[in-house]
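Residue numbers (our numbering), protein chains in the order written: chain W, 1 to 321; chain A, 322 to 611; chain L, 612 to 875.
Some clues are possibly wrong.
To be verified - Stretch-level coverage of chain W by chain A, calculated; a stretch enters the list once three of its residues show a Cβ under 8 Å from a Cβ in chain A:
1) 108-121
2) 126-139
3) 246-254
4) 301-315
Said to hold, decoys possible - A short list of chain W residues far from chain A (calculated; beta carbon distances all over 10 Å):
5) G16
6) A19
7) M26
8) R34
9) V80
10) W87
11) P88
12) A99
13) D163
14) A172
15) L176
16) T241
17) V274
18) A277
To be verified - With beta-carbon atoms standing in for the labels, derived distance ranges:
19) L/S634 x W/L304: 51 to 57 Å
20) A/K486 x W/P279: 47 to 53 Å
21) L/R670 x A/G466: 55 to 61 Å
Think of the hints as simulated: they come from the structure by calculation, not from any bench. Glycine residues also receive a C-beta, built at the ideal position from the N, C-alpha and C atoms.
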Amino acid sequence: MPLPPRRWLDDPRRGGLAALALILAMLPLVLSNRFHFDVAIHVGLAAIAVIGLNLLIGYAGQISLGHAGFFGLGAYGSAVLSGTHGWPPLLALLASALAVATLAFLVGRPILRLRGHYLAMATLGMGLLIFMVITNERAITGGPDGMSVPGLSLFGYALGSRDKGAWYALVAVLLLVAVWLALNLIDSPVGRALRALHASEVAATVGGVDVAQHKLIVFVVSAVYASVAGSLSAHYGGFITPDAVGFLHSIELVTMVVLGGMASTYGAIVGAAVLVALPQFLTAFHDYEPVLLGAILIACMIFLRRGLLPGVLDLVRARRP
Amino acid sequence: MAEFLQFFFSGITVGAVYAMVALGFTIIYNASEVINFAQGEFVMIGGMTSVFLLSAGLPLPLAIALAVAIAVAVGIALNVLAIEPARGASVVTLIIITIGASILLRGLAQIVFDRQFHTLPAFSGETPITIGGAALQPQALWVLGGALVVVLALGWFFTRTLMGKAMRATAHNRLAAQLAGINVRFVLMLSFALSAAIGAVAGVLVTPITLTSYDAGAMLALKGFAAAILGGMGSAAGAVAGGLLVGIAEAMGAGYISSDYKDAVAFVIILLVLFFLPRGLFGGKSVERV
Amino acid sequence: MTILAVEDLCKDFGGVHAIQGLSFQVRAGSIHSIIGPNGAGKTTLFNLITGLYAPSRGRIAFLDEPIAGQPPHRLAGMGLLRTFQNLQVFDTMTATENVMVGRHLHILRGLVPSLLRLPGIVRSDRDARERSLQLLDFVGLSAYADMPAGAMPYGALKRLEIARALAGEPKLLLLDEPAAGCNATETKEIDTLIQRVAAAGITVVLVEHDMSLVMGISDHILVLDYGRKLAEGTAAQIRANPAVIEAYLGTEGADAVPLAADAG
Chain W
1 MPLPPRRWLD DPRRGGLAAL ALILAMLPLV LSNRFHFDVA IHVGLAAIAV IGLNLLIGYA
61 GQISLGHAGF FGLGAYGSAV LSGTHGWPPL LALLASALAV ATLAFLVGRP ILRLRGHYLA
121 MATLGMGLLI FMVITNERAI TGGPDGMSVP GLSLFGYALG SRDKGAWYAL VAVLLLVAVW
181 LALNLIDSPV GRALRALHAS EVAATVGGVD VAQHKLIVFV VSAVYASVAG SLSAHYGGFI
241 TPDAVGFLHS IELVTMVVLG GMASTYGAIV GAAVLVALPQ FLTAFHDYEP VLLGAILIAC
301 MIFLRRGLLP GVLDLVRARR P
Chain A
322 MAEFLQFFFS GITVGAVYAM VALGFTIIYN ASEVINFAQG EFVMIGGMTS VFLLSAGLPL
382 PLAIALAVAI AVAVGIALNV LAIEPARGAS VVTLIIITIG ASILLRGLAQ IVFDRQFHTL
442 PAFSGETPIT IGGAALQPQA LWVLGGALVV VLALGWFFTR TLMGKAMRAT AHNRLAAQLA
502 GINVRFVLML SFALSAAIGA VAGVLVTPIT LTSYDAGAML ALKGFAAAIL GGMGSAAGAV
562 AGGLLVGIAE AMGAGYISSD YKDAVAFVII LLVLFFLPRG LFGGKSVERV
Chain L
612 MTILAVEDLC KDFGGVHAIQ GLSFQVRAGS IHSIIGPNGA GKTTLFNLIT GLYAPSRGRI
672 AFLDEPIAGQ PPHRLAGMGL LRTFQNLQVF DTMTATENVM VGRHLHILRG LVPSLLRLPG
732 IVRSDRDARE RSLQLLDFVG LSAYADMPAG AMPYGALKRL EIARALAGEP KLLLLDEPAA
792 GCNATETKEI DTLIQRVAAA GITVVLVEHD MSLVMGISDH ILVLDYGRKL AEGTAAQIRA
852 NPAVIEAYLG TEGADAVPLA ADAG
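Make a model of the complete structure from these sequences and hints.
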């Protein structure tokens with residue numbers, strides 16, 4: 001049976017991915033200096049984490065207030081393995097991601113049985129606990145002072161953090177991969193099961209969906225997204241502090257999801273772009289960051305529940321005949 | 322023994338604060354089924370505001386009274402501006418709203434006040450009282466006494482006043498209360514005002530002992546929450562017992578195991594309760610499960 | 612052959628006995644209706660059979676295998692599926708996607724193949740989509756295939772739930788008030804649909820308040836009252852049963868008229 005024709009904008013996997021690739025390819029023409037590249041790279045790295053978190057919050061409807069914990073473990077895992085122990089960075093990144101996946105699997109099994117407020121509080125506690133460990137284990141992590149991270153080298157080619165062009169290309173490609181994987185997942189049996197259990201756990205379970213297993217799957221996947229983003233951020237920045245693991249960073253990630261639009265993969269990139277770029281162009285941002293994050297979260301939930309990108313797309317669609 | 326007693330004293334002192342935070346959770350939860358993640362911020366506002374009013378030259382009692390009044394105003398504003406407009410929204414939406422409020426208040430405190438640690442002078446001197454070889458700060462008696470007064474006042478309010486009975490009726494069955502002519506919107510507002518006041522009082526009382534800072538709220542919320550579910554979510558007596566137990570467990574953990582990881586105790590308690598004792602000690606509403 | 616056997620089943624909520632010592636059997640290939648006044652325990656019984664509740668006591672056997680205490684998704688895999696009295700559709704997903712979720716257990720669903728969209732998944736998803744479109748056609752909802760379920764009319768959602776349950780290839784299909792809230796025409800359509808489902812060899816257990824529907828299509832009727840079996844038998848036997856007449860006339864007054872009412 002033939003599928004009905006879909007509009008270009010509505011087909012995220014073909015049209016959307018092509019559009020994103022085009023934007024990412026054209027962007028360097030507009031980025032006029034190293035500072036702009038730097039911002040773009042940070043946006044891309046944050047977006048990777050946010051795309052993963054959006055799978056959990058936006059699609060599966062499960063909240064995590066501790067995702068910076070996974071981001072931070074990825075960052076510190078890479079820092080310790082490649083810095084202290086001299087592992088090749090790529091191997092360190094993969095090993096950290098594997099460790100984070102294992103941790104998420106073990107922690108997720110019990111806490112994902114919880115729902116709503118209880119899950120939120122349990123993930124908040126998990127994040128604080130990871131923060132506590134990283135701050136306290138000074139011998140390994142440098143404690144509150146942080147630690148330096150060697151530059152990234154891939155297959156013998158060293159990527160210094162001053163090598164903005166190469167970093168931009170790497171992050172752009174990884175962002176495309178991250179989006180592609182997420183879109184594939186959403187439009188697969190696993191993704192449909194996640195969206196279904198978000199809408200009605202009861203209907204999903206009597207329909208044959210193992211609800212607990214699917215929550216665990218998406219929790220682990222989103223943790224791995226965060227871990228990889230964390231590892232790359234650590235290598236790019238060259239230095240990490242426990243701030244990357246902190247409560248505020250967890251809330252930042254959630255705000256990016258909410259602002260961009262829950263259950264919108266491209267929205268996640270928009271959310272990351274706004275919140276990463278804002279402080280670069282708003283000099284007083286640092287002092288006002290928590291106030292702004294809080295205000296954005298509340299305002300979105302009251303006035304713009306679908307978020308920026310889906311909200312704007314709705315307007316565009318409404319204008320078309 | 323003296324050592325144990327010392328840990329016990331510090332445990333029940335912070336435990337009394339957790340109990341007051343847990344009471345705040347309970348009151349709002351019973352009125353609205355919302356867990357207010359900004360509960361810890363009320364404690365922070367109480368402490369920080371009185372510190373700054375005091376340093377602005379106000380006498381301590383007036384500074385305290387004003388600090389509590391400001392916290393109450395913030396609580397009411399939170400309800401009117403953020404909770405009421407989202408009535409009927411999903412749980413995730415409400416979580417995001419109160420988390421947003423928490424981070425917003427923390428940010429405001431950072432701007433209005435500063436990013437330093439602050440303390441208040443102890444209300445009645447700092448000469449410790451020695452009991453069984455352990456030292457008890459006079460301020461700890463203020464905290465315990467204050468918590469006792471709060472508990473007694475709440476008990477009187479909920480059982481002896483019409484408004485208190487209306488709040489209990491609403492907690493029991495919102496629709497039936499509405500049909501009986503109770504203004505449930507006012508009950509909701511009152512619940513925010515009350516828990517803000519209790520939180521602020523706790524903040525004022527404990528600041529001379531534990532210090533306070535703009536970002537103290539999240540950890541207090543986590544511990545108060547641990548106390549509330551340990552006692553059984555929705556149960557006021559449970560909140561008090563849970564608070565004291567969490568405080569004692571934390572002090573013992575810090576004393577005998579590791580002071581670096583004392584904050585982990587609350588989280589461990591949360592997990593243990595959620596998995597093995599979902600109704601808490603006093604049989605509150607069961608934790609939702611799949 | 613007996614497809615479902617319930618024996619001495621009990622379910623208490625606190626002090627309330629929602630189901631008390633209930634025993635009955637469902638013959639394969641039949642349409643078996645369960646009726647009774649509101650609060651008689653019909654939905655509780657469905658929740659027990661489909662594994663949403665664990666029984667306080669008693670046994671449930673599906674295809675001669677004990678199933679009490681098994682998780683619902685495993686029962687779905689055995690061919691035990693249901694619809695809901697209070698609609699439980701996936702609002703944000705299209706009608707087709709709703710039905711495709713129902714096929715979950717019958718298609719490839721590995722995480723890694725899903726992430727990489729390997730050819731096997733693409734093929735299996737295409738088949739699932741085709742099968743789902745056929746089912747939407749079967750229940751008369753082809754026109755809604757690409758519409759988000761949240762935008763569909765109520766009557767259509769009732770049938771969407773049936774299509775979703777059918778996608779799971781049920782051996783036994785439990786329908787919880789499929790005609791509730793439907794007008795006369797829609798009820799007629801549901802009536803026909805149930806008979807077509809039964810004709811396809813699927814055993815149907817039906818909870819329904821519309822007596823003309825129940826009396827017209829049921830091979831066997833079980834009457835519940837306060838969680839107990841009040842009567843059991845064919846439509847004619849039930850109509851003539853004094854205990855049933857008393858329960859309905861005694862408790863529901865004018866509402867009991869449907870026992871005798873004709874279609875409409």
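Subject >> Status of the stated non-contact between W/M26 and chain A (beta carbon gap over 10 Å) >> reply: 34 Å, holds
Original post:
Are three or more residues of the segment 126-139 of chain W within 8 Å, CB to CB, of chain A?
Top reply: With 5 residues close enough to chain A, the hint holds.
Subject >> Least C-beta distance between W/A172 and chain A, which was stated to exceed 10 Å >> reply: 30 Å, holds
Subject >> Proximity test - 8 Å, beta-carbon atoms, the segment 301-315 of chain W to chain A, at least three hits >> reply: holds (count 3)
Subject >> Exclusion check [W/R34 not at the chain A interface, CB over 10 Å] >> reply: The assertion about W/R34 holds, with a minimum of 30 Å to chain A.
Original post:
Range hint 55 to 61 Å: satisfied by the CB atoms of L/R670 and A/G466?
Top reply: For L/R670 and A/G466 the Cβ distance comes to about 59 Å; the hint holds.
**OP:** Establish whether the coverage given for the segment 108-121 of chain W by chain A is satisfied; the threshold is a Cβ-Cβ distance below 8 Å, and no fewer than three residues must meet it.
**Re:** holds (count 10)
**OP:** Decide, holds or violated, for the assertion that all CB atoms of chain A are farther than 10 Å from the CB of W/V274.
**Re:** Per Cβ check, W/V274 is outside 10 Å of chain A; nearest 16 Å; holds.
Subject >> Given as non-interface: W/L176, partner chain A, CB spacing beyond 10 Å >> reply: 29 Å, holds
Subject >> Status of the given 47 to 53 Å range, CB of W/P279 versus CB of A/K486 >> reply: 50 Å, holds
Subject >> Closest CB of chain A to the CB of W/T241 still more than 10 Å away >> reply: Per Cβ check, W/T241 is outside 10 Å of chain A; nearest 16 Å; holds.
Original post:
Is the nearest CB of chain A more than 10 Å from the CB of W/P88?
Top reply: 33 Å, holds
Hint check: no violations occur; every hint is consistent with the structure.
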